[in-house]
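Top to bottom, those sequences are chains W and E. Per the working numbering, the first sequence starts with residue 1, numbered consecutively. Per the working numbering, the second sequence starts with residue 1, numbered consecutively.
No false leads were mixed into what you were given.
Quick list of simulated restraints, FRET-style, between CB atoms:
| no. | chain 1 | residue 1 | chain 2 | residue 2 | range |
| --- | --- | --- | --- | --- | --- |
| 1 | E | 253 | W | 74 | 37 to 43 Å |
| 2 | W | 49 | E | 13 | 31 to 37 Å |
| 3 | W | 39 | E | 225 | 40 to 46 Å |
Examples of chain E residues toward chain W, derived with CB under 7 Å:
| no. | residue |
| --- | --- |
| 4 | 4 |
| 5 | 21 |
| 6 | 22 |
| 7 | 23 |
| 8 | 26 |
| 9 | 27 |
| 10 | 175 |
| 11 | 176 |
| 12 | 213 |
| 13 | 214 |
| 14 | 217 |
Hints were generated in silico from the structure; no laboratory data involved. Being a predicted model, the structure only gives us computed values, none of them experimental. Cβ coordinates follow ideal geometry from the N, Cα and C atoms, glycine included.
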Amino acid sequence: MNDAARAEVHIIVDRCKGCAICIEICQAEVLVKSPEANPAGVFVPVVRDATACTGCGICEMLCPDFAIWVSFPETEETPQ
Amino acid sequence: MKMHPVDELLHDHRLASAWCAGCGIGTVVGAFLAAVTESGIGSDLIRLVSGIGCTERAAGCVNLRTCRAGRQCILDHAADLKLADPGSHVIALMNNADLLVSGARDLDRAVRRGARLLVIHINNVIYVSTRHGLVANTPYTRPSWDRRFEIPYNIPDMAVAYGASYVARWTQLHAGWMKYSIIEALSRDGVSLVEVVSPCLVYDADSGGIGESFERIRIYNSNTSFMKAGVCHRDLDIRNTESIIIGNLFDQDVS
Ligand code: SF4
Ligand code: SF4
Chain W
1 MNDAARAEVH IIVDRCKGCA ICIEICQAEV LVKSPEANPA GVFVPVVRDA
51 TACTGCGICE MLCPDFAIWV SFPETEETPQ
Chain E
1 MKMHPVDELL HDHRLASAWC AGCGIGTVVG AFLAAVTESG IGSDLIRLVS
51 GIGCTERAAG CVNLRTCRAG RQCILDHAAD LKLADPGSHV IALMNNADLL
101 VSGARDLDRA VRRGARLLVI HINNVIYVST RHGLVANTPY TRPSWDRRFE
151 IPYNIPDMAV AYGASYVARW TQLHAGWMKY SIIEALSRDG VSLVEVVSPC
201 LVYDADSGGI GESFERIRIY NSNTSFMKAG VCHRDLDIRN TESIIIGNLF
251 DQDVS
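So here's chain W without its partners, still in its complex pose (with noise of 0.2 Å):
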């Protein structure tokens, strides 16, 4: 099994403001803005198809509001 099966995308959605720099930024194209906006009014990303997920970690990495993190639940390891 490739890491892609395993790396499994978290969106806190309290935490996330809607800049949408995941969404541009994961080349696997997992992530899509929401149709609806959360009670914020912020439209969060949510994820389209976690298949695709590399676990390459950028999202997490970019996200200036730690709204979004990956996890290897087979592992429980985070990317480094």
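Assemble chain E with the ligands onto chain W, guided by the hints.
Using the frame of chain W, we list chain E with the ligands on its own:
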């Protein structure tokens, strides 16, 4: 694990009001916290000093020993902290107002005092700080309050000239490299400086052509190039090059 990897080092409730959506300061703070975690330095040994403006809010958002030097001489304060607690790692988080209004003189003094400090400088490309205080540093040169144009600083060149032992430059896009530069800089003697080019979203909202935060990621991608052998520090002025030169620009340990 159901927590963000740096959650233990954050004051979660302060994040919502800290910075604008997409502001690079948050990314820099994230890279710094990841560097602290990965470096193996205990978080109790980290002292973070900040100055004024939006960058200053980082001190309230992180669960570390922090202080706000405000408009005082931040690097003097940081050097004093290091002197008082030699076992600690002192990091000064600064923006253009902090470093260029009074900080350049303090940078010189910190080097002369032999202080071991890390300066993380967020180049927010703000040119005019107040009506009475000018901060000339921008690739998009803007008229100051009296309508004159001023020559921006070349921050890496300035740091090398003052005797910094380690200098790197990145943009918001290069958070991974930024993290490794911070880890490397934390292990260096003397004063290290990591510059992060991250224009203020609000201040440059009317400048045209810079765009939304996610559009800037594209700009950083297509307008940056890595430092090459033979490029002189004098040539690192971001106005004079076709692209922003990034990378580990100077390292006394390998020069
Ligand atoms: S980068 Fe972070 S704050 Fe911006 S949209 Fe993605 S999760 Fe939300
Ligand atoms: S870890 Fe990489 S591939 Fe997965 S969602 Fe984030 S940026 Fe996309």
